[in-house]
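For reference, the chains in residue letters:
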Amino acid sequence: MNPGMDIRTSATATKRVSIPWINENNISVVYLLGIVAVFILIMSFLDKNFLTVGNIFNVLNQQSTLGIITLGVAIALIAGCIDLTVGNVLASCAGIAALALKAGMADGWVILLTCVAGLVAGTVNGVIVIKSRINTFIATLGLMSIYQGIALIIPNGNNVYLQGRFGWFGTYKVGGIVPLPVIYFTVLAVVFYVITRYTKFGRKLFAIGSNPEAAFLAGTNLDLNRIITYSISGLLSAFTSLIVISRIGQSQPAMGVSYPLETIAAAVIGGVALSGGKGSVPGVFLGAILLGLIRNSLNILRVPTFYQYVMLGSVIIIAVTLSNLGLARKSGNPG
Amino acid sequence: MESTSLLNVRGCNKSFPGVKALSDFTFDLNAGEVHCVVGENGAGKSTFIKLLSGALRPDEGTITIADKEYAHLTPALAQELGIRTIYQEISLAPDLSVAENILMGKEPTTRLGFVDYASLNREAKRLLDNLKIALDVRTLVKNLDIPQKQSVQIAKAMAEKARIFILDEPTASYSSSEITHLLELVKSVAASGVGVIYISHHLEEVFAIHDRITILRDGFKVATHNKGEVSEETIINEMVGRDLSKFYAREKSNIDYSKAIEFRNMTGGRVKDVSFKVHRGEIVGFAGMVGSGRTDLMRVIFGATDKSDGQVIIEGKEVTINSPAQAIRAGFSLLTEDRQHSGLILEHSVKWNVSLVNMASGAGWFVNEQAERVNVDRYIKALDIRTPNLNQIVRNLSGGNQQKVVLAKWLYADSDVIIFDEPTRGIDIGAKEEIYKLMVELAKEGRYILVISSDMPELIAMCDRVIVMRKGRIAAELGQTDISEEAILTHSIGGTL
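These protein sequences, in sequence, are chains Z and X. First residue of the first sequence: -4, per this note's numbering; consecutive thereafter. First residue of the second sequence: 75, per this note's numbering; consecutive thereafter.
Hints may contain errors.
[What the hints assert, rightly or not] To give a feel for the contact side, a few chain X residues facing chain Z, derived at Cβ under 8 Å: (1) Pro398; (2) Ala404; (3) Gly405; (4) Leu408; (5) Leu418.
[Said to hold, decoys possible] Stretch-level coverage of chain Z by chain X, calculated; a stretch enters the list once three of its residues show a Cβ under 8 Å from a Cβ in chain X: (6) 107 to 118; (7) 211 to 223.
These aren't lab readings, by the way, just hints derived from the structure by calculation. Beta carbons: idealized from backbone N, C-alpha and C, even for Gly.
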């Protein structure tokens, strides 16, 4: 017994921020928007080629693949689950798509087939990860290796060339300016914004990630909803594989290896908590864009590729550290 | 028996906001004795232990140990002075052996500096033999059951030459033979010159083992008795006895005895074969000591803890409840005891928290933000939740207001059966009365109300009937006229009237 443990002075309700549409829920997105703006400002002074319509769409286009997958990874993270399989699921789906195209299947059917394959893979992952009750990081680490194998088995270890087919899907520019992947990314971001913000499913994901026990007692089916996040993640990986093979005209079993790290980095930079229950789609969108901007700037500034990796890694570590510091400050103040 | 004083607590006061947990508390412990402490939930026993283990500091008073006087202890100091609290949740290293645990930090080494396992095991075995504990010293601690782990902890404390042992409810979930073993062990430990503070709800254990008994009530020491100088009845009388006039006066509701929910043979968790009925408009209280299975019973009813047996019959119709989702659909609400752990999404807004049950269990895909806003606003006003706006993060609210958010969440779900688990713990008097009013209101509307409470005046004032639980079973069912503190307490601790 410890009476008074929970009693707090009732006046602790803080209200630091006075701008009406900014609150504790979206403050991190506002910060991020500021960082992106400052970044663009500095870069446009350093290099006059940076702030051109061409380069901005270039960055958006480059980041669309990472961005789309990150949407799925972020959804899972919000529900408190880590998904490391995205890169190798992408490679496996790429193999399926490329073989189907090579066999002469119509583009529409290929898209459908690939997306179904991704959805199935994601769902199977979800069931295995959730029902085995293994820590999701470890479970998906194992699955990651399994899909690495599958990605090699499907095309028998070979690159599969599309022989000029399917190029439109990832490279066509609407009105000669806006690349299709930018449109996919934007549309999907809007869809996921609506899902997270305006659906009951979205609310449940946040509740599960923040306090599974409370969510469970409120009547949420924890397992089902967590599995669905993996299904979504699988579907988005498959969709992204179509963009990637279309761009480079082939599938490669080893493609996508950097995605597990980069998607989690983009999500965390975008304000998604690794511990679950926190994050927003606008944040994820900006997180993916910021990673792209950094990479693009390093290119423009002619930083050698080797050093780019070092710098990207540093940015990721700094971002996660800051995110943890914020977390520590919160939980370190029990009132 | 020699009577070297090991511990002397003088004039200790300890207050928490709104509650005086210990008032002018005095206690002493001699070498070689078992000094039992009894009292209701909330009498101040845990606070006392925390003063001795250094987890809390007294506001006033002194603690004298081995002729040295201290204003307060720290965990490190308590450790150094040889005070050991033996917990059920173990403070042992599960992946090390019994011997390694017992002699942790004092392992004999070979000339090369490696652990000398032969002498380690020999030494540990000698210790266990002295205490008549039959255990293979090479077994890993994680493979032991709880009573064995407790024995190892006691052996470890002996190895560390600790002088003062504190056992707090050591026998919860023990079988009777395990209890006998533990009591034997405690006696032999005391016989070797250690002082034991033994805290228990179970009077038969206390009578079996005590040299002295101290009774606590509302933070005061009522009395200390020597062995053989006190009866069970006296102890119970000393544990209760409050001024009944200050209790909340409740407006009685009209109970509709033609409509009832019947729970049959509920079994699961700690709960064994519990059957009872609740009527429409009735408030049924659940009394019992901590660990008597009340919370488990509610979780079993609500589908949150798996049940191995049990039927729920609502007004003649059997319903299947295997998950909270099913329970909610069947019209149940469960307001849990620990709101931070299981009631609230602390990092999210008041609005999200209040509409959580509806989000999780309601039909449809999309959130109707308009309706949500109106409803949440309505409950905030109805319950007078003090929050600057709907988007305030719940963590920033006070305890009483957080509790009201939990209430609002379940009221919004509009359930027919509402289960309250310790609804007024840790909140101030004003908020308490508001919650009482609300419970009465809900009963008057013709709902079924179940209340777990360790606050006796609360049970007596609020309930039409009180079910007393003990060791996972119903010990007694007290109708309106039979409800009294003495009756509740007697049945809770297994005494005889």
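Hint by hint, here is what the structure shows:
Of the supplied interface hints, the one on X/Pro398 holds, with its beta-carbon coming within about 5 Å of a beta-carbon of chain Z, less than 8 Å. Proximity of X/Ala404 to chain Z is violated relative to the hint, the smallest CB-CB distance being about 11 Å (cut-off 8 Å). At a threshold of 8 Å, the smallest CB-CB gap from X/Gly405 to chain Z is about 12 Å, leaving the interface hint violated. A distance limit of 8 Å between C-beta atoms decides the matter here; for X/Leu408 the minimum to chain Z is near 6 Å, and the interface restraint holds.
Contact between X/Leu418 and chain Z, as hinted, is supported at the beta carbon level, the nearest pair being about 6 Å apart and thus within 8 Å. Counting residues of the region 107 to 118 of chain Z whose CB lies closer than 8 Å to any CB of chain X gives 0, so the stated coverage by that chain is violated, three being the minimum. Proximity of the region 211 to 223 of chain Z to chain X, defined as three or more residues with a beta carbon under 8 Å from a beta carbon of that chain, is established by the 6 residues found.
Of the numbered hints stated above, those contradicted by the structure are hints 2, 3 and 6, listed in ascending order.
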